[in-house]
Amino acid sequence: MKAVRRAAILVVLLSPVAVWAQVPGGVPLPQGWIGTTSEWVRGFGIVFAVLNLALLAFAWRSLRGGGVTPTARGWLLVSVGLVPLMIAFLSFAHGLEESATVSSCGSCHVMKPFVEDLRNVKSDSLAATHFKNGYIRENQCYTCHSDYGLAGTIKAKFAGLGHVWRYTTGSYELPIKIASPYPNVRCLGCHGASQKFLNSDGHPKEEMQNLMNGTVQCIACHGPAHPEQKKAALR
Amino acid sequence: MSPQGVPVRLLRIAIVLAAIFNLLALVVMVRTTPLAFTLFMFVGQPLFVLAFLLLVGAVLADLRARQII
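For the record, the sequence lines run as chains A and B. Quick note on the working numbering: the first sequence kicks off at 1 and runs consecutively. Quick note on the working numbering: the second sequence kicks off at 1 and runs consecutively.
Chain A extracted, bound-state conformation:
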């Protein structure tokens, strides 16, 4: 019981880590006093992870005598078997959500010019126009660079994995280019059904079929999506 009390005290003392971990970013959204699911997942995750480190220390200590006592069995079952399952779930959920944010994309320095332009209110690039007018509420990079549906998400995650690999190993070429031509379906997912798009003089009815099947690219008229990269500033 004494050990459990000690673990509880440790968790309470270390819980401010969760507050310290809050990343500032932009104008706060109206989340109410109770916060968001994501914040709760993160908070619980940190508390569980800190708690489990204490539990693992107790489990290690309980093995000191060279034998496995019933107490040691309890510590082991909880700290190696049960609590890590919860931590795995919480970390996975948090990491998956966080990996779609703009700050996550911008954490690689080769992406910084794109993110800086995105956030630049004076920029007229397509990406900046979407960002400053709030056309996409959150995860702007991910929203425009992933296809729709579950397959799109999986494809984007695997592509992201490839990006991490190439970035970490330095096996990428500058200037950064999009891997394949930007598909119209990503634009039309939002714009396709809007009256502004359907009734625009720039989208005559005879061109509509070509826009829908991708023969004519949206980006050909509405680009550039991002500013051109200056080679000197890249590395």
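Worth double-checking, as some hints may not be accurate.
[Claimed, not checked] Across the chosen pairs, the derived CB separations fall in these ranges:
id, chain 1, residue 1, chain 2, residue 2, range
1, B, 16, A, 147, 48 to 58 Å
2, B, 57, A, 121, 58 to 68 Å
3, B, 50, A, 149, 51 to 61 Å
4, A, 216, B, 56, 57 to 67 Å
5, B, 65, A, 147, 52 to 62 Å
6, B, 63, A, 181, 53 to 63 Å
7, A, 138, B, 56, 33 to 43 Å
[What the hints assert, rightly or not] A short list of chain A residues far from chain B (calculated; beta carbon distances all over 10 Å):
id, residue
8, 42
9, 60
10, 68
11, 90
12, 98
13, 124
14, 148
15, 176
16, 185
17, 197
18, 212
19, 216
20, 221
[Stated by the list, open to error] Which bits of chain A does chain B cover? Going by a derived footprint, with three or more residues having C-beta under 8 Å, they are:
id, segment
21, 50-59
22, 115-122
23, 126-138
24, 154-166
Keep in mind that the hints were calculated from the coordinates and are not lab data. Note that this is a predicted model, so its numbers are computed, not measured. Even for Gly, the Cβ is constructed at its ideal location relative to N, Cα and C.
Go by the hints and put chain B onto chain A.
Coordinates of chain B only, in the frame set by chain A:
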């Protein structure tokens, strides 16, 4: 689990692996970067699975030593 049936060293290894998994998870939750999340997914989680298997192996070894199974 009796001292004869369970190699304590295996259990210690399981604790160390679980601790590494824990630290990687903590890094992901405190400051998520693509590299941290990738490490958690491809290193941290397999380490946890390995730790869990070691624990299960220890439990089975104990049950066998007690001639329960």
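Handout entry: Consistency of the no-contact label for residue 124 of chain A, given chain B and a CB cut of 10 Å
Key = 29 Å, holds
Handout entry: Consistency of the no-contact label for residue 98 of chain A, given chain B and a CB cut of 10 Å
Key = Nearest chain B Cβ is 4 Å from residue 98 of chain A, so the label is violated.
Exercise for the section: Take a quick look at residue 197 of chain A and tell me if its Cβ sits farther than 10 Å from every Cβ on chain B, holds or violated. Expected result: Answer for residue 197 of chain A: holds, closest chain B Cβ roughly 34 Å.
Handout entry: 8 Å C-beta criterion, at least three residues: is the segment 115-122 of chain A covered by chain B
Key = violated (count 0)
Exercise for the section: Given that the segment 126-138 of chain A was listed as covered by chain B, double-check it with a C-beta distance under 8 Å for 3 or more residues. Expected result: violated (count 0)
Handout entry: residue 90 of chain A remote from chain B - nearest C-beta pair above 10 Å
Key = Violated: least Cβ distance 7 Å, not greater than 10 Å.
Handout entry: Cβ separation of residue 50 of chain B and residue 149 of chain A, checked against the hinted range 51 to 61 Å
Key = For residue 149 of chain A against residue 50 of chain B, whose Cβ atoms are near 34 Å apart, the range 51 to 61 Å is violated.
Problem - residue 185 of chain A remote from chain B - nearest C-beta pair above 10 Å - result: 25 Å, holds
Practice task
Go ahead and decide if the range 58 to 68 Å is satisfied by the Cβ distance of residue 57 of chain B to residue 121 of chain A.
Solution key: With Cβ atoms ~59 Å apart, the hint holds.
Handout entry: Check on residue 42 of chain A being off the interface with chain B, judged by Cβ distance over 10 Å
Key = 5 Å, violated
Handout entry: Whether residue 216 of chain A stays farther than 10 Å from all C-beta atoms of chain B, as the label says
Key = Residue 216 of chain A is indeed farther than 10 Å from all Cβ atoms of chain B, at 34 Å.
Exercise for the section: Beyond 10 Å from every chain B Cβ: check whether that's true for residue 212 of chain A. Expected result: Holds: least Cβ distance 34 Å, greater than 10 Å.
In summary, the numbered hints that this structure violates are 1, 3, 8, 9, 10, 11, 12, 22 and 23.
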